[in-house]
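Asks: What follows is each chain in one-letter form.
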Amino acid sequence: MMQHLPILQVLLPLLAAPFAAMLRGRDVAWGIAFITTGTAFLISIALFLEQRALGTTMVYELGNWAAPIGIVYVIDAASALVLPVISGVGFIATLAARQLVAAEIDPRDHSLFYAAWLLTIAGMLGQVTTGDAFNIFVFLEISSLSAYALVAMGSGRDRRALPAAFNYLILGTVGATFYVIGLGLLYMLTGTLNLADLAERLPQVEETRAVFTAMAFIALGLFLKMALFPLHFWLVPAYAHAPSAVTALMASTATKVSVYVLIRLIFGVFGVEFPGLADAVGLAILTLGIAGAFVGTLAAIVETDLKKLFAQSSIAQLGYMAIGIGAMSATGLAAAFLHLFNHALMKGALFLAIGMIAAQAGRATMGTIQGAGKQIPITMTAILFGGLALIGVPLTAGFISKVYLVRALLEQNFWLLAGLTFISSALALAYVWKIIEAAWLQPRPAGAPELSETASQYVPAWIMVFATLGFGIYATPLVEAAFAAAHVFIPSTMGAN
Amino acid sequence: MLDMLLSIPGIMLIVGALLVPVLPHAPRQAYMLALIAVSGYLTFGIETGVHSTANLGGLELILVRAEAMTKPFALVFHLAAALNVFYAMHDPNKTTAAAGLAYAGAAIAALFAGDFLTLFLYWELTAVTSVFLVLAGHSSRTLGAAMRYLLMQVGSGVLLLAGAVMLWRDGTGLTIQAIDALTPAGLCLLIAFGIKAAFPLVNGWLQDAYPEASVTGTVMLSAFTTKLAIYMLALCFAGFTPLIYIGAVMAVLPVFFAAIENDLRRMLAYSLNNQLGFMVIGIGIGTQLAINGTVAHAFASTIYQGLLFMALGAVLHRTGTAKASELGALWKSMPLTAIFCTVGALSIISFPLFSGFVTKSFTLGAVAKEGYFFVWLAMVFATVGAVQHIFVKAVYLPFFGPAAKPVKAQEAPLGMLIAMGLAATLCLGIGVYPEPLYALLPYGARYEVWKTGYVLGELQLLFFAGLGFVVLSMRGLYSVAVDTSVLNTDWLFRRALPRVTMAIAGPVLRLWLVVLGGLKRGVLQALRLSEQASRESGLVSGISSIGSAAGIFLAMFALMLTLRHVM
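These protein sequences, in sequence, are chains A and B. Take the first sequence: its position 342, counting from 1, is numbered 342 in our numbering, and each next residue is one higher. Take the second sequence: its position 463, counting from 1, is numbered 960 in our numbering, and each next residue is one higher.
Hints are computed from structural coordinates only; laboratory data are not their basis. Every residue, glycine too, gets a C-beta built ideally from N, C-alpha and C. Treat the hints with caution; some may be incorrect.
Listed next, with one range per pair, are the computed distances between beta-carbon atoms [as the list claims (entries may be wrong)]:
hint : chain 1 : residue 1 : chain 2 : residue 2 : range
1    : B       : Thr-784   : A       : Pro-477   : 49 to 57 Å
2    : A       : Trp-415   : B       : Gly-555   : 21 to 29 Å
3    : A       : Leu-49    : B       : Gly-668   : 31 to 39 Å
4    : B       : Leu-1008  : A       : Trp-415   : 29 to 37 Å
Listed next, the stretches of chain A that the computed footprint assigns to chain B, with coverage defined by at least 3 CB atoms under 8 Å from CB atoms of chain B [as the list claims (entries may be wrong)]:
hint : region
5    : 109-115
6    : 227-237
7    : 407-419
Derived coverage of chain A by chain B (criterion: at least 3 residues anywhere in the stretch with Cβ under 8 Å from a Cβ of chain B; other residues may be distant) [said to hold, decoys possible]:
hint : region
8    : 210-224
9    : 293-304
10   : 390-403
All chains, full assembly: derive it from the sequences and hints.
Replies: Below, the structure written as structure tokens:
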């Protein structure tokens, strides 16, 4: 049983999805989703612990076909770290989804909603576990297609969800197509699709133009998928108009998986010493990352719709992850992994809390939360903590990842970038302060909708908040896991000092 | 474990503050005084050197370390804490009492911190405890001011931590020592300290929050935070020349703002800022004489500035207002307060035989000795300005000036009188017999303060400053003599003087506002641009046409490929 966990991790939600779709009755569908994501979470925890204990890479051969002929699933330090993020956030989002979906989606669509929900989680888990480049594309499409459908389901209460989903569909497909074109070029050059095998064979053809073009295709496709500035235009409308539960799930996981795949391909396949990688791709990622950090933060400062505000902030946070990748060092990658993990927690907390407000009031804007600090103190406090973590205040998880990010930059003597990172983080204070001021320092306007909170509404968000604080106060195991993940791609003897 | 904790100076007060809310009123006062006395006694015995270290996961922390200049600061902090207890004796508010005690304890503990991480802890603790003092105020602005105050204070702490982390990264170690300000870590620390020392541009929180606190809260606030920052600046950045000019701006600019301020406690907050400027100048010069001057000035100014805040706080307590325009003729009903306030005022303008005179002479002497003529001139100007805003506004208008409308008041409560009396005695005592204070100074240098030239010069300065105002008021009186006398003098102090002051201050203020305005416009412009860009159909986020989105995507792809072939 234990040795089959890598495949079960993906297969379970994938197979549960049709059941959720077929069984009418919304509680049944939710129950299936809840049990499935819960089990998936347990599996990923088990995989994580086992990998940490063994310290080696676990390879699962599908149908006992050895690589490179067969498809393998690979659990190494990196995938073992990302799996619990996706399944964990998926589980807690499912917990919250019962309320959110009931409030926002037509009851007749619930079973379909949960089917798509499980499919998108399965797709993301698949992208992380698989060791086959084409398999990644397949799972990318599984998760994306169901995500488009999930976003479009917001149309019941917000018609703008339809154009948002359509834009997301077209651009997401463009991104996926670029990825698969790049992959085609690589296959043409090397004759293999297995990631490890590709990494071995690429050096023979590394000076060719085709291989660089392939790299450009793949990198750009993934940039779009991870919403790296300026390819983030699909993200804000998609997050803002999607059902609240979908926003919470996707904001914490979808872009992160693309970050992971980017790291896996850039570092795991091409390798950090690949000609042209550090100067062309690295420079592009660094510049776009810091630009995204500023653009996202500034846009968040002027935004008044809370979902859009935090979607913009996500663009900034993805910028920080990109900076970590662009530093091209073990510490930088570790910082990217840390931020990937921590950002999933804080954004999960924020979007779950905001979702609860949006589900009650129809929309969550600065006006909606004006003076709400007294009416729904527990929910608003969750938002406050999430915001503080976004800034990177000490004792929150956000602080840990920022420290390692700055450290990675200083190791490479990128003083300017470190300073800019610091300034853009400080700017985040402006939009968090805006929320504090609206929620606590202003009176509730007359005629504002009554907001209420019950345990079932704020507990999911608070689980995330506690995790954020917990990993902020006791970060050692997480930091170790992140460095282990980084060393998968950059051995500790190289680049790390 | 516990005795090790208690051996850290200040911790006793922080821990002891936990008991304060449960005690009844009278025992509480005795308890707090006893605690401060014991803590002061133990602290005073600490010799220079490292006394207590701890190891935190491989980080060597220095919990207790005394420097040469620690003792005078620790002493004056204890004095101020004790005076505050007396001053707040009438006040039944337990939160303020407990927060004030813990705040003093945190500030004292911070003085003895030997590394930046330990300092960070106390640094934030002073912020968190002191915000309760601001919150104890009652005006409609209180909550907002308190939050803005907390924001700046915590922000300063975060910068401090950032600087510390960078130092640790560099391998310099976390020990608090002289630091090169022109490294990223140094800049972070300089700004962190600068925020708490109310450097120009980051001074807003001081004038914003201090006057919003309760009567007793403002007095407590005025003592610790800023002096702690001065102490840290002196430890880490002594001799960093740009500080001289920062200090000069700090000394001069608040004079103009104080001149036009009507709320007397806010006016004092400007005056506090101006005093801090003198200390920062001393740090910037960094010679032994100058550092001695800074320490001595910090010592004396904590007491006389506190005294002024106490006197005007007493006025606010008894009359319900601290607005210059609504007060007058209080010397009849509050004679003792009037006398104490006058002593504080004479000290702050450094009148001979008062404490300001014997302490400011160091810095002035050091500036003159190093040949910073314009800085010296700025200091002289700031002193003259202090004569105007302190003497006319803090002493003359409320106590001796004509009352716009009859103000009913009675003498301040006994506790306040004791506190003010003690503070006034200290001001006079230091002024007459400064040797014990000099003995405390870090560089033990004997300084002959009673040089004829200096005494004469200072007297002349004050005399002509006074004469100038008298002449102006005579002329002012003359020009409107036909009106009723109340209206005349009323007009004089609210119109004529400001008009004259504004003639000088106007251009400076305007220039300052242009600088500030430029900054503000720049930030607003950036915000407006980003707002435009991130609107529904803006440049960066709202691209709704898939065509243009795909266009950008392809352009990036083309750029990447071309760049590769160009490079």
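Asks: Take the hints in turn and mark each one as holding or not.
Replies: Consistency of the hints with the structure:
With their beta carbons about 52 Å apart, Thr-784/B and Pro-477/A fall inside the hinted range of 49 to 57 Å. Roughly 26 Å separates the CB atoms of Trp-415/A and Gly-555/B, a value that falls within the hinted 21 to 29 Å. With their beta carbons about 36 Å apart, Leu-49/A and Gly-668/B fall inside the hinted range of 31 to 39 Å. Between Leu-1008/B and Trp-415/A the beta carbons are some 33 Å apart, a value that agrees with the proposed interval 29 to 37 Å.
A stretch counts as covered by a chain when three or more of its residues have a beta carbon under 8 Å from one of that chain; for the region 109-115 of chain A and chain B the count is 0, and the coverage is violated. Counting residues of the region 227-237 of chain A whose CB falls under 8 Å from any CB of chain B gives 8; the rule of at least 3 is met. Coverage of a stretch by a chain is defined here by at least three residues with a beta carbon nearer than 8 Å to that chain's beta carbons; for the region 407-419 of chain A and chain B the count is 5, and the condition holds. Counting residues of the region 210-224 of chain A whose beta-carbon sits less than 8 Å from any beta-carbon of chain B gives 8, enough to reach three: the coverage restraint holds.
Counting residues of the region 293-304 of chain A whose beta-carbon sits less than 8 Å from any beta-carbon of chain B gives 6, enough to reach three: the coverage restraint holds. Under the rule that three or more residues need a Cβ within less than 8 Å of chain B, the assignment of the region 390-403 of chain A holds, with 3 such residues.
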